[in-house]
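Enquirer: The residues making up each chain are set out below.
Protein chains: 4
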Amino acid sequence: MLARFGVSIEPELLEKFDRLIAERGYKNRSEAIRDLIRERLVQQEWEKGIEETVGTVTIVYDHHVRELTTMLTELQHQHHNSILATLHIHLDTHHCLEVLAIRGKPDAIRQVAHRLISLRGVKHGKLVMTSTGTHL
Amino acid sequence: MLARFGVSIEPELLEKFDRLIAERGYKNRSEAIRDLIRERLVQQEWEKGIEETVGTVTIVYDHHVRELTTMLTELQHQHHNSILATLHIHLDTHHCLEVLAIRGKPDAIRQVAHRLISLRGVKHGKLVMTSTGTHL
Amino acid sequence: MLARFGVSIEPELLEKFDRLIAERGYKNRSEAIRDLIRERLVQQEWEKGIEETVGTVTIVYDHHVRELTTMLTELQHQHHNSILATLHIHLDTHHCLEVLAIRGKPDAIRQVAHRLISLRGVKHGKLVMTSTGTHL
Amino acid sequence: MLARFGVSIEPELLEKFDRLIAERGYKNRSEAIRDLIRERLVQQEWEKGIEETVGTVTIVYDHHVRELTTMLTELQHQHHNSILATLHIHLDTHHCLEVLAIRGKPDAIRQVAHRLISLRGVKHGKLVMTSTGTHL
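Chains as they are written, first to last, in the numbering used here: chain Z, 8 to 143; chain B, 8 to 143; chain W, 8 to 143; chain F, 8 to 143.
Chain Z extracted, bound-state conformation (with noise of 0.2 Å):
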């Protein structure tokens, strides 16, 4: 069963409200509110920390490189617990791009992706701070 609740908002907001959430693809404002609300559910889940939740990490990476695969493997091993799964692209003859998903509690998370960015051969690396999707 849905809740239900009333908004009041002046009419020249709602119409660029309307306009935006066409653009990108909503079907309607009730999902638009409600990824706005969750969007802030989950900055405040990492910034308490308490919870555990899950995180992606992106990193570009050249292979070639000596020991980067070698360092990257052992890495994803020593937190066999927590990374639940990786998905790796070839972009070319020396860059790889890979994912890792990763659960835990936020503090937990940040290092592993720390870790994984600082690596020599590691060219680009960002941390996507989500959700395990309960209660959300």
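It is worth saying that the hints were derived from the structure and are not from the lab. Any given hint might turn out to be false.
As the list makes no split between identical chains, a pair holds if one copy fits it or if it spans any two.
Claimed, not checked - Within a straight-line C-alpha distance of at most 25 Å, the following computed SDA-like cross-link-like pairs (lysine to any residue) qualify: (1) Lys23 with Thr93; (2) Lys133 with Asp114; (3) Lys55 with Thr80; (4) Lys112 with Arg11; (5) Lys133 with Pro113; (6) Lys112 with Gln85; (7) Lys112 with His86; (8) Lys112 with Asn88.
As the structure is a prediction and not an experimental result, all values here were calculated from the model.
Once you've looked at the hints, dock chains B, W and F against the given chain Z.
Expert: Quick look at chains B, W and F alone, frame taken from chain Z:
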């Protein structure tokens, strides 16, 4: 006159939202929702980059660095048409905080911000992309 | 062959930087500095929006939401030219985490991300703007 | 006295960095590198949340909204110990831009920012997390 629309939402999600906005000091849900909407619209305005808007630049600098105050003054006068006003605070014997309010197209505001932040002696700087408030 | 340049810096600032990079797991300053530089270049590449690049989209969704999986599949096939691969994880009986790697111009990647994130049942989504790694 | 350290880097990456910093207006590489380092340190200081620091809050509001100016004044006086100064600009007949400089622990600064931004009539607000400049 205000318009009004309804939002369908899972009861559990609504409860979490209510807790979040109470912590932030919101009086009611409508105001919190309008803030989420307006923030998204301001983001989009800066991405599109077409309309005249407003930004503030916060810099922290050491006024003992040779010629820095002269250069800051000169740079600000070169852009006197777009710099609306400046706030200056003496943080300690060395450090000043200065906030500049700038009006213009997004790219023009960004350029003034880059010039200020790149000066030697400016230790930290950040641009806030906000809005003229019209139709928001 | 590597180039080399010197950086002048206040001893106290260098000390703080050394502590920061040790915490992050960096082996040496050069690698940490190169990471800071590359991150700034990737940001700029996405702001300029001209070159083909790579992004990943992380979404968390409830696969029980009616027609969501059908729509996700269809949407991905419409963009099969740009979606390089997908990683899927079953978080619990309801929730899935999916990561898509997408290649294309920044705006095209953003559009696919918006479409995915705006679907009903997708509870959270984030775009990582990364790079093909070439010349980085 | 300045310290000095060397950075090894791929020539192509250095060339790209040189172009980037020229566009931003940097006089030399050292200043650009120090800015990257200081920005990271300020981020870390706000994440750790232990030391007293400085932030600025930019708000845009409609001064015609009933009791808003009274509430803004009252709120600021409640925090007169931490609010260092305020800049006020009349954007048009309705809209004001106000920037407040706040000193305190990160969480205390965030709380004042939340209170201000959540007021009805405040259409947009952003917190800049900066620094006292000491040891930066």
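Enquirer: Should Lys112 paired with His86 be assigned to within, between, both, or neither, using CA atoms and 25 Å as the limit?
Expert: Only inside one copy: Lys112 and His86 sit 13 Å apart there, 34 Å across copies, limit 25 Å.
Enquirer: At most 25 Å between alpha carbons: which applies to Lys23 and Thr93, within, between, both or neither?
Expert: neither (40 Å within a copy, 31 Å between copies)
Enquirer: At 25 Å max between alpha carbons, let me know whether Lys112 reaches Gln85 within a copy, between copies, both or neither.
Expert: within (16 Å within a copy, 36 Å between copies)
Enquirer: Regarding Lys133 and Asp114, is the shortest C-alpha distance of 25 Å or less found within a copy, between copies, in both, or in neither?
Expert: both (15 Å within a copy, 19 Å between copies)
Enquirer: Classify it for me, Lys133 with Pro113: is the Cα-Cα distance of at most 25 Å met within a copy, between copies, both or neither?
Expert: Classified as both: same-chain Cα gap 14 Å, cross-chain 17 Å, threshold 25 Å.
Enquirer: I want to check one pair: Lys112 and Arg11. Are their C-alpha atoms no more than 25 Å apart within a copy, between two copies, both, or neither?
Expert: Neither: 33 Å inside a copy, 39 Å across copies.
Enquirer: When no copy is named, should Lys112 and Asn88 be tagged within, between, both, or neither for a Cα gap of at most 25 Å?
Expert: within (12 Å within a copy, 36 Å between copies)
Enquirer: Between Lys55 and Thr80, at a C-alpha cutoff of 25 Å, which is it: within one copy, between copies, both, or neither?
Expert: Close neither inside one copy (31 Å) nor across copies (30 Å); limit 25 Å.
In the structure shown, a violation is registered for the earlier hints numbered 1, 3 and 4, in ascending order.
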